[in-house]
Structure formats: structure tokens, C-alpha cells
Amino acid sequence: MKNFNCRREQGKSGQETFVLAVVMLGSLLAAAVSFAQESSAKAEFVGAETCLSCHADREEFKNNIHAKAWPKAKGIEFGQSCETCHGPGSLHASAGGDKNNPDFFAIRNPKKLSSKEAAKICLECHKGGNRFNWEGSKHESRDISCVSCHSMHSAQSAGGKFLLAKATQMETCFQCHKMKKAQTQRSSHMPLREGKMSCTDCHNPHGSTGPRLLKQASVNENCLSCHAEKKGPFLWEHPPVRENCLNCHAPHGSNHDKLLVAKRPRLCQQCHIETQHPTTAATTASFRQGVGRSCQKCHSQIHGSNHPSGVRFQR
Amino acid sequence: MSTRHLNKFLIPAGYLLTAALPAWGMESSGSVEFGGQAIRGDDASSKFEEYIDVPRGLYVGNFNVDTRTDAGYLKIEGSKPGFKDQKIEIESGQWGLHKLSLVYDQIPHNYSNTARSLLRDDGNGNFSLPDRMQWDLQQSTGTVDISTSNANAFLSHAPVVPLRADRSKAEISYAYNPAGRWRMSMGYSGERKVGSKAIGVTPDGSNFQEVLEPVDYQTHGFNVASEYAGKDLGFRMGYELASFQNNIKALTVDNAFRLSDGSLSSSGSSAPGQMRLALPPNNLSHQLNMALTSKLTATSRVEAALGLGLLRQNAQFLPFTVNSVIANDPRLPALPAQSLDGQVRTLNGSAKWMWKPPVKGLGVNLKGRYYDVDNKTPRLLVDQYIRYDNSLSTSAPTNTFNPTRSRRSMPIEYAKTNLGADFSYAIIRPVSVNVGYERERYKRHLREAETTNEDIYTASFNLFPQGRVTLRPLYQYARKSVPHYSAHEVAEAAYPLGEGTALVKGQMEELRKFDEVGRKRHNASLRADWDAMESVAVGLDAGLLNDDYDTEYGALDSKSNYYSADLNWSPWQRLTVYGDYTLEQITTRTRSRYRTSTSNLASNDWLGKLQDTAHTAGLGGTLGIMEKLDADLGLSMSYAKGIQLAWNPDPSRVASAEAIYFPNTYNRTSKARGALRYRWSNALSVKLGYEFWQYAETDWAQDDLEVYQATVNQSIFLDQTQPRYKAHLVSLGLTYTLF
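Chains as they are written, first to last, in my numbering: chain A, 9 to 323; chain B, 37 to 775.
To be clear, the hints were calculated from the coordinates, so they are not data collected in a lab. Everything numeric in this text was worked out from a predicted model, so none of it was measured. Yeah, the Cβ is synthetic: ideal placement off N, Cα and C, and Gly gets one too. Careful, some of the hints might be misleading.
[What the hints assert, rightly or not] Straight-line distance between alpha carbons at most 25 angstroms, and here's what the computed DMTMM-like set of lysine to aspartate or glutamate pairs gives:
no.	chain 1	residue 1	chain 2	residue 2
1	A	Lys174	B	Glu69
2	B	Lys123	A	Glu237
3	B	Lys285	A	Glu237
4	A	Lys266	B	Glu85
5	A	Lys80	B	Asp106
6	A	Lys119	B	Glu570
7	B	Lys396	A	Glu132
8	A	Lys128	B	Asp268
9	A	Lys188	A	Glu202
10	B	Lys762	B	Asp79
11	B	Lys762	B	Glu727
12	A	Lys120	B	Asp565
13	B	Lys723	A	Glu179
14	A	Lys266	B	Asp252
15	A	Lys174	B	Asp668
16	A	Lys124	B	Asp565
17	B	Lys267	A	Glu125
18	B	Lys556	B	Glu486
19	B	Lys392	A	Glu132
20	A	Lys146	B	Asp565
21	A	Lys124	B	Asp567
22	A	Lys223	B	Glu490
23	A	Lys146	B	Asp567
24	A	Lys82	B	Asp268
25	A	Lys146	B	Asp602
[What the hints assert, rightly or not] Which bits of chain A does chain B cover? Going by a derived footprint, with three or more residues having C-beta under 8 angstroms, they are:
no.	segment
26	135–143
27	237–244
28	298–305
[To be verified] Beyond 12 angstroms from chain B on every Cβ pair, some chain A residues (computed):
no.	residue
29	Val54
30	Gly87
31	Gln88
32	Gly104
33	Pro110
34	Arg116
35	Pro118
36	His158
37	Ser159
38	Met160
39	Ser162
Kindly produce the complete structure, drawing on both the sequences and the hints.
What follows is the structure, given as C-alpha cells:
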């Protein structure tokens, strides 16, 4: 009986697969026909005045950096500006706002395109600079579009800087990176929430050759570009420091002093046994190891020492 | 004239100049915020102005002027001229042809307002105590112990000393043809960081003193780059130079425990009257970068980058000790070299091949990266070094563990190789999937695990089931394996006379350092966004990261998870309400052992649990009360709790090994704000604001410390705390639109 039911189930499953295949093929056929129909007429350029006759609220685009820079930089006059990004608009215009008319959709709306399709439009001009490594980058592969962060028509950033979709760079990034937003509120933090640093001081959201979209080739090169006093090389090196700052520090924010990932002395004890440095807190002698700057009260040169006698990072 | 005062003239001058521009047919816009602010409450904590300079009284806030013609533009913007966190940016150029930018920015960093010290700053890194005071602090010359009564009497009245470092940076950059295919850019930056921070010095490895480390850094950077970004081909080349200079080479501090250097004992000890540390040495780095991106076929592209770096450090070594008794002893050997001649070369090579196969929606990326840190710094043998300015080891070299005799420096170097592939497939428009594999290999020199290999498998989806819903789940599994781990081999390399068998400072055989240990990792996350209607947006986030380390001692495992929810609601045009909440919890389990120089018993093991929990919440909204009047309300809060537990699994442990809990730590930050803004006219708006800022922390490590802490065995602290604050800020500001 069990086997019979199983065969019945298999048969049912086979029927469902067949129906699904037919539906999918039908959809593909319909899409192909629809595409052929849509392609039957070719749109032509109509000029910005035609666009503005309906989209009067886009009049302010005349003040946009694109409209200002294009004539000199690209030879694109204002009259051509809308269709430079949205494509020729004659069919869309002729639809007269009728959304039942397929021609209404014969205009490129970057918000409705995939990230790759949207980026293709923007990269026509913005291929170099910070976008040099966009293709294949983390954000591109997660389908994050240019218009997820930038707003060509309704920039919220002060003075329209970078045409951001949000008021600040941080708010733009924190649309998705909620955890990082929370971490910047920790007691130990870099001056992000005070507005004296921004995400792009360390990261290039458009792609980079370094890890985690960092602007430099490694975490340490990134950190040391500001904290140059820790570059060394030192006579006495502390190996995990030289290899990766993130072994000990949480750059986006921490509950512990100096952005440390854990409270000292427990942080140090993840690598070091406590011989003659008891930290079990039961006695005054053991508790004293933990107070103040803990291990770094004495091992103060923990990022490396250049003193001939500094092998234990005390000099 | 200081920058602070200079800006008082520069800013109005800039406005006068730009105000005249419309008269010459230039299109201009601009605005300036100014007003006054009063603060009531307890705002003495350094945490209140950790990175900012909060205005008290009259101030100028944000300002900007933007002038444009058909040919070019000039933009000036900035904030808080004359304050310690002021910033000004000037940008000018010809559309699409030239761009010139100037930026001046100051960032203060206030570490503590409560630090106290009797030491006198004599300049150039020298700190001293008056001899009479030093004499009184010591019961008598030649006695190491501080008299407790004298120490309390003097040190409890130590004056407050500044513990802050202020950073000022100026940059100038120029770009030619910034929007064209060909570009060229160059820039210079100069930075100065001045102030002081806390550092610990020890005369003997037992007693210790916390003192001010003077900070006087200068950093200069120069860069030049050229780039071609064509449709099918792009390449760039750039060079960067960075120079760091520390104007103070050493920190020399009077030892409160001794007036002068003690005579040399037969075992080679001499209690020092001073202590000396080396401060960060100057360095110089060069970086050359090249990159290429090219279309190979109609469906494939290649990207390649090469970076070559060189870091030099050759500062003069300090002598072994500042202790004149030891320094003049004929048995003291010569320094191994006069300077390090440190040199690190880095090589970063990466390549990526991107292919779109003839299946619609499918993408393939193959990528490889090689990052090599080649440390060419010579390995120096430092024979008979002086640990604490207090001892010259006179014992004959033996092959037993003797850390005071002979050590060889260990210039760390490593190479990291990443090879991987990922496949993306847009199955149908609302669904795409990415799967990837990457192998990360570390090759290290002079470390316990010379090779580690990590296999990383990733799967992620981008789902748009309906136009208004987005789901982005991700799962990653990683396995790091370590073929060979040996603490002894590293010790043998560091101790040329042999590691020996004593346990004094030796590393425990079973312990694996957490950055080199084998590991299993599970990483899962989900981000969901729902634009429910035009007026409502909801977001949910969750993540889990589990690390399980292949070790019996040290960090055993670590779990972190987070949950976040956010809401944005605009029920009608004049009202927007938003809120968010995030919980993050990180838990790490550790195992360690109490050992003496001779005993190494498993019964003295202790287990530890560290857990940090942080709640972060925000709530706020904006309301248009009338046509010209709107209100803005907001509340943000962060609350964190840390626990550090330790206990002995074996009840037969010795008394000294008893493990107990450290007290919990807490900190809380909250801010509430409310503002009413009235648009008087197109040119002028008025803002009446109120803010409440609050911070509190409880930290056993810092809270009850005194400058002289008798229970912490004759040590002197700065008493550098970041106490709680609670302050009310009332402001009246005007924003005037200039043109």
C-alpha cells in the first residue's frame, strides 16, 4: 500500500512537472511574442521639452550636476539630457500616460531594471574613478543598483553631494547595514556618528581590489593609512598586530575601551596562558592584573617596540 | 595667527566675495546657520565632547556657497569655524575639465578630563618630579618602597593634566578631465596630531606608573594617478608616498619609587631613578599601483591589479637603558646595530575573470588574489638586554630558558592567497542565486602555524517575490585546517640559547592562538525589506556567526547573533515616524590554567565565559504642524552589558587558582532631541532646539582606581576615567539663505 501510494505520488508529481513545464513554455512564448510586439516600433528621441510637458516636477533637473556638467564635459545639451539615461522617448510620450498601452513602458526606468542593467546606463559615463572595479564587486553581485544609493532627481544629501538617496553617506549605507549602524552607537566608537568620519573613508562601495571593499589592499594597510605611528616595522613585532588589526579591534564599535573585541585581560588570554600573571580575580594579586589598562599597564607597546630592550613590549 | 582665529576672517571674507558674484552674472546659492546654545547639567566628562567641540554661547554652524557659470563653479562649504572640530572645503573647477579641491579638517579626541599627575613636562618627552618631592615620596634614599602615608598625601592632590590629542589635516587635490575617459589627478595632504595619551611604564616589572605619552606627529602624503576608462578597456597607474614623523623620540620619566639609580648588586640589579621608552619611530612608505580592466570577448571581461609597496624605518636605536649605573658597566654589550634598517615590501596581485555564458541570467566569476608581506628587516640578536632599566644579567649564557639573556628579533612576514569562483544565476527576474567557493591560504614565517588553509562555501539568494518585498538570505560554511602547529619551534627561533624547560614564561603546549587555530565556521544572515505601501517600509535583519576552534585551551568557541527591525511610516505627507531596534550578543568560551614556574597541573584549570549584549534603539519623527512650522523629535539609546565569568571545573585546585567572576560592566548612552523650525521667509528660518544627552558606565577596571592605589602594589595611575554625564542643551539657531 505504501509503495502504491508512493507510485501515485510519483505519478502526481510527474503530472505537476508536465503542467509546470507547459506553463513555463507558454510564458516564455508569450514573453517572446510580447517582446516582438514591443520591438515592432522603434522609439525616437523627442527632447527634454517634450518630457517636461508631462514631468514638470523634473524641471529642477536643470540645476542637477549632470545638466550643468554635460554640455562641456560630454557635449550633451539639456534638451538631450532626459533621453541620455532613459532612452528615446517618442513611444512613451505617444502613449500619453496610458499604462494599458505597452508603449508607455517603452522607456528605461533604472529603478525597475536589474542592478546590472541600471549600472550599464550609469557606467556609460562613470566607468572610471571609484567605479573602476564595479563589475563583479560585492554590491553588484548582491543585485544592489546604483539607484539603491543614488537619486538622480531627488538627492537628499546636503548640496546634492554625490546625489545620495539619503541625507548622509552613513544613512545611505545603513539602509542595509543595520548592524553596523547599531555598532556605531557603542560607547567605544570612531567619530562616525559625530560626522567626522564616514564609511567611505575606509570602504569603496563601488568595488575594490582589497578585502571587504576596503580602499587598500589589506585591513592593516587601511588602518595604518591614518594610524601611521603603528606602521613600524619594529625591532620587536607582535605577530597578530602585524597580520590583522581585526584580531583585536572591532572598527565599527565596541563595548570595550579602544574598540577592543573583548575586555582585557580575557582578550589577551585567547592567545596567552597566564603563568605568573594570575587573573582569576580571587586575590588582590590576581585582580590587579585586570585593573586599569590591564595587561597593557606594563606591556604598553603592544603594537610593537623599537627599543633594544623592548622584547616584551614594555619599553 | 592660529587657524581658529584665521577662520574668523576667512569665512566672512569668503562670503563677501561670493556675495558679489551674482552681480557679475554668476548663478549663486548659499546659506549659513548661526545662533546660540546654552548647556545646563553635568557636562564635565570627556565622553561629552569625545570627538566634537560642543558650542557654548554664539556659534556659526554649517555654511555653504555655491557659484556656477556655464564654464565653471566654485563651492565653499564647512561647519563650525573657529571650533576644535571645524571643517572647510573649497572646490572649484571647469565643468568636466579641471577640478581643484582644498579641505581643512580638525578632529579632536578627548580621552579623559580626570587624569592627574605630579610629573612635570620638561618638554621633548621628559617628565620629572622635583627632587624634594621624590625624596619625600620615598621614605629614604635607597629604599624601594614608597611610604604609603607620604604617597597618599602627595598623590591624592596631583593636579589635573590634559589627556587629549587633536588632529588637523589639510588636503589639496587636483583632477584633470574628471569626467572624461582620460583622467589625471594629484594631491597632497599634511596632518598634525598633537596632545598626549596614557601609557604605562614599569621600573621593575612589578610596580608600574601610568604617565602621559606626548603626541606630536606629522604625516605628509602625496599621490599622483592617471587613468583611462574606455568602454572596453581601462587602465590606471598611481603612486603614493606617505611620510610619518614623530617629533618626540623617547619618553623619559622620573621613577617615583627612586630618587637616583641604585648601586649595582652582585646579581646585576640596580633600581633605576628614571625609566625610558622608545616612542613610535619615523617611517616612510611608497606604493605603486597598476590596474587593468578589459573586455576579452563579447561575453567576458578580465580585471587585473598589481600593487607594490615599500615601507622603511631606520630610526636610531635608544641605548639599552637610561640607568647610568648599568649603562656604564663594562660588561654591558654593544647594541646589535645603531638602527633597525627595517624594510617591508608588499606585493598585491589580483585577477578576476567575469564570464556571461550563453544562458541568460548566468554569470561566472573566477578570482584570485595574492598578498605578500615580505619583511626584509634584518634579524638582530640582542644579547643580554635590559628588561626594565633595572637589571643587567651577569649570568653566563646557558641552554636553559633565560629570557633576560639573549633574544633574536622576529620580523613577521606572511603571504595570503585567495582563489575562488562564484556563480550567479538570475533564474527569473525576481529570483537570483549566488554560490561561491573560495580557498584562503596563509603562509607565515616565524609563527606557530606556518600554513593554514580555509575552504569557504557561500550561497546567497536575492529574492523579490513581489515588487515590494526583498529577501536576501546568505549562508556560509568555512573550515580552516592547520597541518602543523608548534609553539616550540617559534620559541627556538626566538631564544638562540634554547627555550629550556622552565615554565616561567613558556607557552602552553595545548594552547592554540585563536588567529592561527583550526576552525569551523557557520555564518547565516537574512535581510528582509518590505515596502508595504507607499507610506510604510519595514526591514528585518538577523544573523548568526558560530566559530568552533580546534583547541583545548584559549578561545574554545564563539557565537554572535543579532536581530534588527526597523520601520518607517508616513501616514500622511506632513508626518513621518521611524523606529529601529537592534540586539547583538557575542559569547566566547575560554579555557586557561593557573601555573607557577614549576607546577603545571590540570586541576588548576579554569573555564571562562565572556558575553557582551548590546541593545540599540531609535525612535523619532517629523511633523509639519503648520505650513511654515514643523517639528522634529528623536530618541536614541544604546545599552550594553558585559559579563566575564570564570570558574574551576575541578574542586581540587590549589587556593591560588580559585577562579571567581569579575563584576559585570555596563554602559548606556541616550540622546533625546526636539526641535521646532519656523520658516520666516524664503531667506530665513528659525530653529528652537532642545537636546538631552546622557551617558553612564560601570567598569570595575577603572571605577575605583585612585592615583595612588596601595592595593595594586605600589602603582601610580592617572585616574583617567570617563565619568557619567547628563546635560541639557537649548539652542536658538537661524538659517539664512544668502541668494
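> Against the structure shown, which of the earlier numbered hints fail to hold, in ascending order?
Replying inline: Hints that this structure does not satisfy do not exist here, as all of them hold.
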